[in-house]
Amino acid sequence: MLAVLAAVPVLIAVAVRLTNGTRAGHGPVFLDRITGNGLFVVLTSLVLCTPLFLPLTVGVVSGDTIAGEAGQGTLRYLLAAPAGRARLLLVKFAGTAAFTLAAVAAVVLAGTAIGLLLFPVGPVPLLSGDLVDAWTAEGRILLVGAYVVLSLLGLGAIGLFISTLTDVPVGAMAATVVLAIASQVLDALPQLDWLHPWLFSHWWLGFADLLRQPVEWSSFGSNALLQVGYLAVFGALAYGRFTTKDVLS
Amino acid sequence: MKGGPAAGGTPGTAAIETHGLGKRYGSQAAVDKLDLRVPAGAVFGFLGPNGSGKTTTIRMLLGLANATSGTASVLGQAMPRALDAVLPRVGALVEGPAFYPYLTGRANLHRLDAACPYAPTATRRVRVEEALDRVGLGAAAGKKVKAYSLGMKQRLGLANALLRPRELMVLDEPTNGLDPQGTREVRKLIASLAHDGTTVFVSSHLLAEVEQICTHAAVMRAGRLVAQGTLEELRSAGQAKVTILTPDAGAARTVLARLGLVPGTVEPVNDGAGPAAVTAVLPAAAVPAEDIVEALVGFGVRVRGFSVDKGSLEDRFVELTGEGFDVAR
Ligand SMILES: Nc1ncnc2c1ncn2[C@@H]1O[C@H](COP(=O)(O)OP(=O)(O)OP(=O)(O)O)[C@@H](O)[C@H]1O
Ligand SMILES: [Mg+2]
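Line order of the protein sequences matches chains F and Z.
Every number in our numbering is 4 more than the matching position in the first sequence, counting from 1.
Every number in our numbering is 103 more than the matching position in the second sequence, counting from 1.
Since the hints were made in silico from the structure, they are not lab data.
Among the clues, some could well be false.
[Stated by the list, open to error] One side only, chain F facing chain Z, incomplete, derived with CB under 10 Å:
no., residue
1, Leu79
2, Ala84
3, Leu92
4, Leu113
5, Thr116
6, Ala117
7, Asp250
[Claimed, not checked] Across the chosen pairs, the derived CB separations fall in these ranges:
no., chain 1, residue 1, chain 2, residue 2, range
8, Z, Arg192, F, Arg91, 17 to 27 Å
9, F, Ala150, Z, Asp282, 50 to 60 Å
10, Z, His122, F, Ala240, 41 to 51 Å
11, Z, Gly199, F, Arg91, 17 to 27 Å
12, Z, Lys136, F, Ser226, 49 to 59 Å
13, F, Met5, Z, Pro220, 51 to 61 Å
14, Z, Leu206, F, Leu22, 52 to 62 Å
15, Z, Arg290, F, Ala106, 42 to 52 Å
All C-beta atoms, glycine included, are put in the ideal place defined by N, C-alpha and C.
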């Protein structure tokens, strides 16, 4: 999965390089700027991966945590070891978080590498119009990466909870991914305005604010608060469910 | 250790004790009002037909499933409350082995051992190798588990239970899928564990096996306990049986009936070429065996063979759980 994620920026960079004349106004933001500056490869890749690819992989990993062990029968041996139910849950969530970090890192690192390789790199214009040097820009990119990791933690907690509900890992994975997509669809319906700030995907693409001078931290803060909320609620639900559950697989 | 008066009510501590333990799945009582007592140091056979509630009981004892009624204590402590204190002292095999197919046998054991926070890390390598050797998997430990045969997986499951010195071993059908050598090794293993003072609780439906290795047994039927005690007690509760080999089957049945016994069906021996076998249950209060022979000979029955068999565990088992082959529920 990490390899597939790393392939995304490579694909984008190669495609842009080969066609070498993207018309402005088409495709995702930043796409037309890649030829001018390699660092935009990373940003384009993150914009493309955040709605679908990244939630997909996080959904697969988090949905598999408990249900995968249950489906295989290894859960009963882990608990008889005894691994401790709360401890097992904690380790599984830490694993999901570590995977999320690795997934985003794969996109950022591959994007940076291929961008440097195929395109010129120089001072980067920010959204606010200021020009910053390449090192500052790379720092901002890492900040965006951290933002994306943070954005996906809530989804990881949801997947962990769903995973405690079933012995069929594929079911838990599918349910988690479907929720990620449903949340974005709801977020796109203007009729449900009141609901939007509560959707875990609401701030997913809000990292553009980190590309201003000075950095606009408000969306980062709102996002962090929202994700921590989801983490607390679904972490508690997963704990409540898993520590009382009959392990019959 | 055995011998002495085979009186019931074994004194001393219990390794497992349950009171009114019950588990319902929806409307069905998989285990019902179970009062089990496994004395410390015993090799305890937990018998019962398919679906009688053995695995369900074991899951409750190990804290995997919550009981819907009653209490259970393992190694003197209440389960599942004292789970963290009890389970490190218990080795378990529950309803067949389960492993990560893409890891080697050795790596699987390392992972399971690491899952327990109380397992000493320093001795892990040595303990894993010892456990593998003990079940005869030393040579195959480097193979991925997906390439293991059923019996090899079963052995690896046993190795997992043996990773640390245990006070209690709970083994759910440990010889399932093992070859004759493997079965014999498991018997030896259980004997050596018992010799070292480990209590062994082994569920099975292989009666011959239980008869060979166990000191105590309990019999389940449709979720209920129908008998428990030492093997002697269980056997002697069964009824003795007299078997007569004779060509004069009809006359033999007449004599048995006159003596107040109920002759069973006549079973031909050697496809009817030889004498037939006539059997009858011999209640404890019935005529002495020698009188039966005398009466038979006096009636002119040609007796070619005569035996009185104390009930086998199998007879007792069938007596307790019924003849039918179909699963009860
Ligand atoms: N997860 C479950 N949901 C509903 N009923 C169950 C479940 N697990 C077991 N049962 C029922 O509980 C009863 C006891 O099952 P259990 O697995 O304890 O039998 P067992 O004695 O171990 O049988 P076997 O000798 O075949 O292993 C059965 O009637 C079974 O149908
Ligand atoms: Mg069973």
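For the restraint on Thr116 of chain F, tell me whether the closest CB of chain Z is nearer than 10 Å. violated, 32 Å
Check the following: the C-beta atoms of Ala150 of chain F and Asp282 of chain Z are separated by a distance inside 50 to 60 Å. holds, 57 Å
Could you check the hint for me, namely that Met5 of chain F and Pro220 of chain Z are 51 to 61 Å apart, CB to CB? violated, 30 Å
Range first: 52 to 62 Å. Now tell me if the beta carbons of Leu206 of chain Z and Leu22 of chain F are that far apart. violated, 42 Å
At the C-beta level, are Arg290 of chain Z and Ala106 of chain F separated by a distance inside 42 to 52 Å? holds, 49 Å
If you check the beta carbons of Lys136 of chain Z and Ser226 of chain F, does the distance land in 49 to 59 Å? holds, 57 Å
Hint check: 10 Å Cβ-Cβ cutoff, Leu92 of chain F to chain Z: holds, 8 Å
Could one say that the CB atoms of His122 of chain Z and Ala240 of chain F fall in the range 41 to 51 Å? violated, 34 Å
Arg192 of chain Z paired with Arg91 of chain F, Cβ distance criterion 17 to 27 Å: With a Cβ separation near 18 Å, Arg192 of chain Z and Arg91 of chain F satisfy 17 to 27 Å, so the hint holds.
Next item in the hint list is Asp250 of chain F. Is there a CB on chain Z closer than 10 Å to its CB? At about 4 Å, which falls below the 10 Å cut-off, the nearest Cβ of chain Z leaves the hint on Asp250 of chain F intact, so it holds.
Would the hint on Ala84 of chain F be counted as holding, given a Cβ-Cβ threshold of 10 Å to chain Z? holds, 5 Å
So the hint says 17 to 27 Å: do the beta-carbon atoms of Gly199 of chain Z and Arg91 of chain F match that? The hinted range 17 to 27 Å holds for Gly199 of chain Z and Arg91 of chain F, with Cβ atoms some 25 Å apart.
Against the hints set out earlier in the document, violations occur for numbers 4, 5, 6, 10, 13 and 14.
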